[in-house]
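There are 6 protein chains.
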Amino acid sequence: MAHIIGTSLPDMPWQDKPVNTRGPVWRYSQNPIIPRDATPNSNSIFNSAVVPFKDGYAGVFRCDSRSVSMDIFPGFSKDGINWEISAEPIAFGGDAEITVREYRYDPRVCKIDDKYYITWCNGAHGPTIGMGWTQDFKTFYQLENAFLPYNRNGVLFPRKIRNMYMMLSRPSDTGHTPFGDIFCSQSPDLTFWGKHRWVMGTINGDASAWQSKKIGPGAVPIETSEGWLMIYHGVINTCNGFVYRIGCALLDIDEPWKVKARSRNYILGPQELYECVGDVPNVTFPCAALTDADTGRIAIYYGCADTVTGLAFTTVDELLNYMKEYPLA
Amino acid sequence: MAHIIGTSLPDMPWQDKPVNTRGPVWRYSQNPIIPRDATPNSNSIFNSAVVPFKDGYAGVFRCDSRSVSMDIFPGFSKDGINWEISAEPIAFGGDAEITVREYRYDPRVCKIDDKYYITWCNGAHGPTIGMGWTQDFKTFYQLENAFLPYNRNGVLFPRKIRNMYMMLSRPSDTGHTPFGDIFCSQSPDLTFWGKHRWVMGTINGDASAWQSKKIGPGAVPIETSEGWLMIYHGVINTCNGFVYRIGCALLDIDEPWKVKARSRNYILGPQELYECVGDVPNVTFPCAALTDADTGRIAIYYGCADTVTGLAFTTVDELLNYMKEYPLA
Amino acid sequence: MAHIIGTSLPDMPWQDKPVNTRGPVWRYSQNPIIPRDATPNSNSIFNSAVVPFKDGYAGVFRCDSRSVSMDIFPGFSKDGINWEISAEPIAFGGDAEITVREYRYDPRVCKIDDKYYITWCNGAHGPTIGMGWTQDFKTFYQLENAFLPYNRNGVLFPRKIRNMYMMLSRPSDTGHTPFGDIFCSQSPDLTFWGKHRWVMGTINGDASAWQSKKIGPGAVPIETSEGWLMIYHGVINTCNGFVYRIGCALLDIDEPWKVKARSRNYILGPQELYECVGDVPNVTFPCAALTDADTGRIAIYYGCADTVTGLAFTTVDELLNYMKEYPLA
Amino acid sequence: MAHIIGTSLPDMPWQDKPVNTRGPVWRYSQNPIIPRDATPNSNSIFNSAVVPFKDGYAGVFRCDSRSVSMDIFPGFSKDGINWEISAEPIAFGGDAEITVREYRYDPRVCKIDDKYYITWCNGAHGPTIGMGWTQDFKTFYQLENAFLPYNRNGVLFPRKIRNMYMMLSRPSDTGHTPFGDIFCSQSPDLTFWGKHRWVMGTINGDASAWQSKKIGPGAVPIETSEGWLMIYHGVINTCNGFVYRIGCALLDIDEPWKVKARSRNYILGPQELYECVGDVPNVTFPCAALTDADTGRIAIYYGCADTVTGLAFTTVDELLNYMKEYPLA
Amino acid sequence: MAHIIGTSLPDMPWQDKPVNTRGPVWRYSQNPIIPRDATPNSNSIFNSAVVPFKDGYAGVFRCDSRSVSMDIFPGFSKDGINWEISAEPIAFGGDAEITVREYRYDPRVCKIDDKYYITWCNGAHGPTIGMGWTQDFKTFYQLENAFLPYNRNGVLFPRKIRNMYMMLSRPSDTGHTPFGDIFCSQSPDLTFWGKHRWVMGTINGDASAWQSKKIGPGAVPIETSEGWLMIYHGVINTCNGFVYRIGCALLDIDEPWKVKARSRNYILGPQELYECVGDVPNVTFPCAALTDADTGRIAIYYGCADTVTGLAFTTVDELLNYMKEYPLA
Amino acid sequence: MAHIIGTSLPDMPWQDKPVNTRGPVWRYSQNPIIPRDATPNSNSIFNSAVVPFKDGYAGVFRCDSRSVSMDIFPGFSKDGINWEISAEPIAFGGDAEITVREYRYDPRVCKIDDKYYITWCNGAHGPTIGMGWTQDFKTFYQLENAFLPYNRNGVLFPRKIRNMYMMLSRPSDTGHTPFGDIFCSQSPDLTFWGKHRWVMGTINGDASAWQSKKIGPGAVPIETSEGWLMIYHGVINTCNGFVYRIGCALLDIDEPWKVKARSRNYILGPQELYECVGDVPNVTFPCAALTDADTGRIAIYYGCADTVTGLAFTTVDELLNYMKEYPLA
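Line by line, the protein sequences give chains A, B, C, D, E and F.
Heads up, the first sequence is in our numbering, so the first residue is 1 and it goes up one at a time.
Heads up, the second sequence is in our numbering, so the first residue is 1 and it goes up one at a time.
Heads up, the third sequence is in our numbering, so the first residue is 1 and it goes up one at a time.
Heads up, the fourth sequence is in our numbering, so the first residue is 1 and it goes up one at a time.
Heads up, the fifth sequence is in our numbering, so the first residue is 1 and it goes up one at a time.
Heads up, the sixth sequence is in our numbering, so the first residue is 1 and it goes up one at a time.
Heads up, a few of these hints could be off.
No copy labels: a pair is met if it fits in one copy or bridges any two.
What the hints assert, rightly or not - List time: in silico BS3-like cross-link candidates among lysine-lysine, alpha-carbon distance up to 30 Å: (1) Lys195 / Lys258; (2) Lys195 / Lys160; (3) Lys195 / Lys138; (4) Lys195 / Lys115.
Hints in this document: simulated from the structure, not taken from any laboratory.
Please take these sequences and the hints and turn them into a complete structure.
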């Protein structure tokens with residue numbers, strides 16, 4: 001059996017798998033955990049990231065305001081389920097040429113060494129990958145944008161690999177982007193990036209049509225004894241719009257642009273009313289995962305219909321076995 | 001405090017603001033007030049207009065038939081909530097060159113002096129603003145179309161301003177129109193129109209994205225001690241379609257193309273199931289408002305998902321304060 | 001009164017028409033009859049076809065897998081409501097040049113003489129009409145595709161007409177196809193097809209807008225004393241996507257490309273939550289009907305939101321009368 | 001034989017019809033008469049209007065600058081062929097709320113009584129019809145825009161009809177507009193406009209495909225004993241772009257929205273290199289005509305490939321006969 | 001060396017290959033051979049087909065009229081270069097249900113046994129393949145359309161293969177069709193068609209981008225000792241429109257849907273002014289070829305810029321060798 | 001007067017400015033200097049780069065083959081006008097993971113220290129900026145791609161600035177890209193890039209419409225006493241396609257993302273037949289410039305209609321003065 005390489009998190013949110021569950025992932029019974037109006041001026045709260053922090057959890061949340069302005073907000077929780085989210089967006093320190101804000105959305109949080117790095121989609125004459133860090137989720141420092149526009153879904157690996165920081169991302173265009181592959185980039189210092197490698201793309205034809213239009217990395221990759229477990233989103237274009245579902249893949253531990261396995265089946269998709277109905281119908285969009293190395297448990301945080309935040313559970317074995325059961329030839 | 005300049009309407013529909021309401025507008029607890037099947041052959045009833053009439057209320061309703069033919073129908077109500085809508089569409093008298101019917105939708109009703117003027121989107125080799133009037137909601141007379149195609153959402157002011165009739169509208173194209181600003185036009189006689197002025201447009205960027213794709217006037221402007229209070233719709237284009245929300249603005253009392261204040265936040269948007277699910281998901285579309293000058297109460301009638309009709313409440317102070325609290329810089 | 005020309009089916013699924021039903025068709029009270037997860041690896045089960053078989057019913061079902069691969073599966077039922085659907089797709093015997101599988105969806109089943117012919121949308125360098133037959137729903141033989149790509153919704157007539165097999169279809173393009181008329185084609189042998197005739201097209205303007213974008217044949221035509229009763233789908237393009245509704249027409253018994261009557265009103269459309277919400281919102285799509293010649297009863301099987309399968313009831317008189325009541329001028 | 005109702009212009013530009021000319025219109029042998037660089041900073045000079053003035057001619061010219069800014073410029077000529085065009089655009093006097101300049105293009109000039117009225121496509125939060133007048137082509141006064149956006153090709157009739165000023169125009173959208181019909185509007189005072197009537201539209205199908213995508217009025221209508229002779233442009237959409245050609249129609253003398261005849265054939269189209277190659281290939285676009293009532297001669301000024309200006313000749317009899325020879329059924 | 005299997009045609013149009021010609025095909029020095037105005041009412045003459053006939057040549061020509069109506073016209077020539085084209089389009093005898101004319105374009109002519117079969121793009125509620133025949137190019141009989149819409153470029157093989165008539169075609173959509181592969185269909189009787197096979201498609205990526213958007217058959221295939229030599233068109237989509245070029249392929253003699261060789265390089269493309277400038281710039285489109293079995297000479301007739309007709313020369317060895325020199329891997 | 005900071009190049013191609021030239025740039029009288037068929041298998045040669053090399057010139061040329069495959073080829077010239085271009089594309093040495101070729105186009109060449117760096121649009125799962133170097137134009141070494149896809153027009157500065165290599169580029173999408181701004185990126189080592197800064201964007205509205213759709217850097221920036229002189233392309237979208245013209249800007253010498261001046265007028269645009277007619281009509285696209293520090297002379301190499309290569313002349317004073325004469329406010 002595979003195991004997670006990481007720390008113990010015995011009190012992480014968890015529910016056992018219900019009997020008769022057909023897939024490898026099951027929803028939290030009280031979903032959604034964060035409603036659209038959890039802060040005083042929010043229109044919606046979704047596509048957000050959490051990490052273990054001190055004796056509980058911290059997170060960075062995408063809260064669109066009631067003017068439908070997109071920004072990122074810090075939050076804290078004792079149990080990972082009930083969250084206190086700040087009414088004020090994150091204010092970054094840093095060079096004024098860098099910290100100019102156009103819009104900010106879809107944050108991820110990745111702990112490397114003793115810092116919590118935040119990456120997000122950052123408006124800078126087009127969407128690109130913004131970066132910053134904090135140690136306490138109170139004071140935040142902004143770094144240079146990682147890439148030129150146009151890019152979304154920048155996701156760091158939680159440690160250097162062969163002495164390089166690495167980031168997954170999905171280059172895009174200026175709008176709703178009807179294409180999208182996953183790439184991996186490297187950096188010696190988190191400022192200058194290069195040695196870009198294509199990781200994987202969409203699947204043409206009928207074999208795995210849920211990921212036929214675009215794909216993008218979701219949660220910070222989970223280090224396992226088998227390789228990096230990447231939870232990602234995939235999109236199909238129906239005659240009535242995009243459907244965003246969730247899949248997983250296994251990446252080589254040293255050269256993570258090499259794909260060792262990939263889910264032909266999605267592992268979660270919009271089926272519940274709060275996933276199918278909202279500001280953008282039919283979206284399940286993962287941005288974070290908590291893991292417990294002792295048990296292999298994984299808790300996935302995912303945005304629902306671009307409106308609320310849901311929680312779902314799985315284990316490393318569930319996912320690895322499912323990729324074997326339904327391999328993408 | 002601001003006050004409404006108009007008549008008393010003590011028995012207008014009303015519910016007090018529930019505690020813990022976050023915004024300035026709250027829904028009627030029994031929404032929707034008009035179901036999709038309220039007439040024998042209706043597919044949907046929405047985007048409709050009501051006015052005080054005699055000891056109750058009258059209205060003009062958009063009822064799409066079960067052939068999805070769009071037309072406008074008269075209706076009456078004692079309380080403004082329970083409506084009797086005619087099974088037969090309005091038949092206008094007038095010049096045969098004018099009364100030819102292609103299609104008719106999204107009516108507004110505006111009382112000026114002793115007549116009730118109806119404006120609607122009128123098919124005439126393209127959508128434009130049809131006009132007619134009644135004194136009893138039984139006999140109707142059609143006037144010349146106000147403008148050349150292509151136009152929608154013609155909304156009259158309830159009195160002459162500087163000796164001119166004035167009308168707000170949103171010029172458009174022949175289809176679903178991915179743009180749209182609000183203009184104000186003048187007429188000495190309701191037949192010939194000119195002196196067109198741009199009032200306000202969509203908001204680029206992130207500041208108020210709910211109104212970034214198109215906007216259009218909704219209810220007949222409400223005269224207040226601060227200026228004309230305009231309730232309008234704004235639209236964002238998501239990757240899965242348009243979302244129609246409701247906002248408000250304050251226009252100069254004498255030169256109503258000059259905007260004195262405008263809501264950065266929407267005041268109502270699709271959140272309830274009957275607003276999010278229907279023939280056109282995620283639409284809240286205001287076409288009328290009842291007001292009481294004594295109390296400043298406002299009751300907004302709005303179409304829901306192009307399927308049913310909803311009712312919501314606010315006051316002139318709620319709206320004016322909200323524009324101050326969330327100003328559009 | 002008209003009558004169905006066919007066999008008795010006294011035990012077919014049936015519920016009497018509820019009082020206060022406005023249209024000619026009413027839903028089964030326990031809809032949907034087939035949930036999305038009725039087979040081990042299904043994402044959705046919809047747009048499927050059933051026929052009387054032995055002392056019960058058999059069918060061919062479109063089950064999209066959890067990789068969103070589209071295929072067709074056999075199933076059996078005692079009562080036409082509770083179905084056992086195979087976990088394995090149909091495997092056809094036949095020439096290897098013919099049986100290559102790209103994708104298969106939207107099956108119809110038509111009994112002619114002693115064989116059950118299956119037609120479906122078959123991927124063959126583009127969608128076209130695949131054909132095959134079975135006598136026991138266990139062993140299946142594939143025939144040549146009927147037409148060149150690009151085509152969908154091939155529906156056979158249940159007997160030869162003037163010594164020719166006949167098939168309705170809707171030529172299309174390679175994608176979501178924003179157009180579509182119904183044509184009728186003839187064949188002496190089910191292999192070579194010709195003498196193509198246009199049957200009917202979309203309706204421009206306001207008269208019957210629910211069928212203004214594209215139309216396509218649905219169930220196998222029902223032979224009646226008045227002509228062939230065709231149940232078909234029609235589509236309107238709203239600003240938030242397509243809405244698929246159901247209508248009916250009456251075709252000449254000998255020259256079925258001649259339309260004797262056609263519904264101006266739709267007979268069923270998306271109104272229930274399971275029809276409005278799902279992988280493709282706002283779809284009702286008929287693919288089959290059971291009939292009882294003794295009573296004129298008709299049970300329509302239709303896909304709901306490209307996710308689940310519904311059942312609705314009517315009679316031949318309901319439909320013929322409704323076409324007379326709401327004629328398409 | 002028909003005759004022109006108007007003034008004599010014996011010295012107007014003219015060349016006799018060459019033998020073997022197939023159509024009713026023939027080009028000036030020295031075309032183009034105005035090159036793209038006729039003013040110091042012009043990129044192109046085209047879609048321009050001329051009138052008899054004093055003992056020669058005056059005109060208003062569209063000169064796009066080398067920054068590709070669009071504006072209108074006065075010019076003078078002794079012979080109608082050799083032109084002196086001002087290096088400075090027209091500066092209008094008038095209300096500052098009116099004279100704000102966004103962009104100005106495609107002018108027409110129409111003499112009514114003792115004034116020369118200029119209409120053009122005027123940027124005012126979208127293209128609409130700007131209006132102004134002059135008596136000397138040195139001092140110009142601007143009037144209110146005639147219509148709400150979005151509109152192009154406003155063309156006045158050269159006298160009041162039934163005591164009303166009348167204007168033809170082609171309502172459009174904000175961009176390159178893939179549709180367009182001709183409408184006629186009326187005004188008692190040139191400020192307020194109404195009583196809009198549809199004149200004629202594009203031709204579907206194969207009968208007259210050169211005018212299947214959009215049409216718009218060109219020169220000021222020519223009064224004849226048979227009715228108003230309107231020279232207009234028509235557009236087809238090929239797989240490699242629009243082709244703009246020229247046609248003519250005959251309008252009722254009192255109700256000019258009633259079409260008495262219309263050319264099935266175009267009368268001139270892009271065939272010469274200066275018409276087929278330029279900033280916008282394949283454009284011939286008429287904006288003005290000179291006429292001589294004594295002879296029935298007509299000289300058409302037309303833009304070529306949005307780059308230079310051409311001249312072509314015909315007579316009223318040539319055009320009326322051609323419409324009879326190739327009638328649009 | 002390969003040879004053509006066919007008849008001698010010693011007097012066919014011919015010019016020897018100029019020295020320093022880089023490709024396998026060279027233009028006739030007096031191109032274009034047919035100007036746009038060769039008939040009294042033609043706008044353009046292009047995409048036309050010729051065959052040997054009696055002691056000279058006959059042909060069917062696409063002449064778009066000056067109303068831009070598309071039709072096909074017979075013509076005769078002594079030398080294959082100077083043509084007399086009828087001023088009247090072909091009038092077909094046959095069943096009135098078949099001979100209804102919507103539009104007709106892009107004819108091919110194929111002699112099988114003692115008849116000359118004409119295939120063309122025929123409007124029949126959408127473009128499809130019309131068929132007819134003549135023995136004298138004076139009296140013409142129409143057959144059933146070969147296929148359902150939407151299809152273009154139907155090209156017959158000049159003899160039965162394995163006792164079946166065969167036709168190449170390119171299924172399309174209702175408009176300018178941004179896709180297109182070549183298919184082969186079979187018929188026992190020229191009325192009913194089936195056993196459709198995919199022949200070849202567009203080439204993705206950089207290897208042969210001139211044929212990356214769509215391809216379609218051109219001239220009647222030439223029987224050679226190596227297989228059927230097919231001359232076809234290929235299209236690339238540049239940022240300023242489609243470019244149509246000419247290529248060739250070698251098909252199996254008995255199963256002509258099997259491709260034995262295919263040109264990576266185009267063999268002719270728009271380079272001369274009459275090919276680059278016209279109603280549709282940058283089009284070279286082959287519809288016919290004359291061949292001489294004695295010498296292997298081939299004369300290709302091709303439309304130029306959808307405006308005029310050109311002639312180019314090659315030999316069977318030039319083409320076969322070029323495919324070997326520049327093979328499509 | 002300003003002067004170029006660089007080397008002498010007394011024998012560079014040159015012609016004096018003709019009298020009566022209106023703009024700051026004039027064409028070489030024998031244009032185009034490189035025809036489309038200058039190599040054995042070329043379809044077109046354009047968008048190419050040259051540098052002084054030894055006692056003459058070397059260059060890297062975009063030659064699309066007659067299969068319309070895009071690649072880059074070395075070439076040499078004694079005089080900068082007559083070129084010998086290799087028949088074989090450049091073969092790069094380097095890591096096999098880097099040198100995989102998809103397609104290569106639009107090269108630039110920049111000498112830094114003792115190496116000639118080549119940048120080009122490099123296919124790598126989408127277009128991005130490829131990099132390589134040579135010292136003799138015979139042996140070439142490939143470096144890592146500079147950026148993630150999707151990007152075009154990577155142009156290096158000819159020296160380090162504040163100890164950083166710098167590159168201009170234009171991020172794009174996967175297709176014909178209807179948008180595009182110029183950015184500046186920095187690198188310590190030519191492998192890792194960061195500190196991306198927006199330089200300048202398109203111009204909305206009428207002020208400078210030739211650059212309203214997209215812009216991109218062209219030649220290697222020319223160091224002058226006033227700042228970096230950047231020659232770039234700008235694009236307008238007409239109803240018949242894009243027009244590519246040439247402009248210039250002056251960038252801050254130390255912070256080259258700060259624009260000190262910019263041309264409102266284009267400095268060269270398509271006007272000659274070889275610029276207006278070709279595979280992509282109406283394109284002038286600069287990729288290189290030769291300069292002489294002694295005289296301030298500049299020779300611009302530019303692609304014409306994506307088909308041939310042209311040469312044009314100017315001086316540093318001409319360009320700087322023109323920006324002052326026609327400033328972009």
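Okay, the hints, checked on the actual structure:
| no. | hint | result |
| --- | --- | --- |
| 1 | Lys195 / Lys258 | both (14 Å within a copy, 28 Å between copies) |
| 2 | Lys195 / Lys160 | both (15 Å within a copy, 21 Å between copies) |
| 3 | Lys195 / Lys138 | between (34 Å within a copy, 26 Å between copies) |
| 4 | Lys195 / Lys115 | both (24 Å within a copy, 21 Å between copies) |
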